[in-house]
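Engineer: Quick note, the sequences are listed as chains A and B, same order. Here the first sequence is numbered in this note's numbering, starting from 1 and rising by one per residue. Here the second sequence is numbered in this note's numbering, starting from 1 and rising by one per residue.
Rather than coming from a laboratory, the hints here were simulated on the basis of the structure. There may be inaccurate statements among the hints.
[Claimed, not checked] Calculated pairs, DSS-like style, for lysine-lysine (alpha carbon to alpha carbon, straight line, at most 30 angstroms): (1) A/Lys8 <-> B/Lys37; (2) A/Lys102 <-> B/Lys25; (3) A/Lys8 <-> B/Lys10; (4) A/Lys43 <-> A/Lys148.
[Said to hold, decoys possible] Covered, in the sense of this in silico footprint (three residues per stretch, anywhere, with C-beta under 8 angstroms from a C-beta of chain A), are these stretches of chain B: (5) 18 to 31; (6) 37 to 49.
Beta carbons: idealized from backbone N, C-alpha and C, even for Gly.
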Amino acid sequence: MPGMRCRKCGGLAVINMRQHRLALCEEHFVEWMRANTQRFIEKYRMFGPDDRVLVAVSGGKDSLGLWDILLALGYKADGLYLGLGIDGGIDYSDHSRVCAEKFVRDFWPDARLHTLDITGTYGESIPEVARRTHRGRGKPCSVCGLIKRHEMNRIAYELGYDVLATGHNLDDEAAVLWGNTLHWQVDYLARQSPVLPADRPGFARKVKPLCRFYERETAAYALVRGIDYIYDECPFSVGATSLYYKDLLNQMEKDRPGAKLDFYLSFLRAKEQRLFASAGDSIELHACERCGQPTTAPGLCAFCRLWEDESASQRVSEIDGSLF
Amino acid sequence: MIKVTYRDKKWEVPGRVTVRDLILKVGLNPETILAVKDSKLINDATVLGDEDEIKLIAVISGG
């Protein structure tokens, strides 16, 4: 027995979203995802129809789904893939690059995908940088985040994109919010937002158009569209705190539909009412002596400090032209 | 029996049962799972019978 019917057409529903009391068929679910993405882009004033958007593409369901939605909505959206050099016994990075390239071939052959291979550019993969610098207690996640943030910002800024879009969904945002709330990281709470403005020289504007969709919905969108995404977890994410927080939040969601959505939207409303004051606005930023990107302390930024030994810094100073 | 696969796991579960109840029976959280039958996504109120084969897909990623 097929169970629920689509609220719009009465056809067979493929998804039931309990928090919205809404079941939809394939066609109307795709339509709903795109229409709501457009609504969130406008509501949070993310970007306009003439802006050039750079989508950070990992080969996963969220980023490929986001790119697909933005192109279907008619935005000028290019992709950026960073090759991280993570193997983990499953060729994780190679497989994710294949997914990103296959997506372009199969769905949007005229779309432009920029690629930057970290190992080819800097001479070391992300796990190798983490080992050399002894950061992250045996896991490269903090180095990975630092390098990705730096490179995505640099490339978006240098190539003149108006905005950098990432595929963060509501589960991602709620997990970060949960962690920041547990530790009362007021500065982080003040900065967490669907939009990070380019309010300082060297910063690209950053937006999260999928931030109000559950992860279950972004996965369903990729499945319904037939997008071949990387299904395996990053091999280093096993045991990650963010996954533990997501699990906790989904335990609540199981018993109280809408709990995650309410947690996140209540937070955004509290921010609108200026519940969180940021000390960030008063922090003086300096240009990094090597790369020029903004940094809180004079001298080198955290990214350039990763390459402080002579041979590594030589590689960083020679990166011009290594993209594409 | 309904044949269920999830990552590298396999179960056989007696029908008739809804997708949501089946996910709970195998010890997973329906909020983090989608179900696919004959390569098509199916909603969680769908009632499954003994001849059905379904694949469960984890939706949570990241780290």
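Engineer: If a hint holds in the structure, say so; if it doesn't, say that too.
Structural biologist: Here is what the structure says about each hint:
| no. | hint | result |
| --- | --- | --- |
| 1 | A/Lys8 <-> B/Lys37 | 23 angstroms, holds |
| 2 | A/Lys102 <-> B/Lys25 | 36 angstroms, violated |
| 3 | A/Lys8 <-> B/Lys10 | 36 angstroms, violated |
| 4 | A/Lys43 <-> A/Lys148 | 27 angstroms, holds |
| 5 | 18 to 31 | holds (count 5) |
| 6 | 37 to 49 | holds (count 8) |
Figure legend: structure checked against the earlier numbered hints; hints not met, in rising order: 2 and 3.
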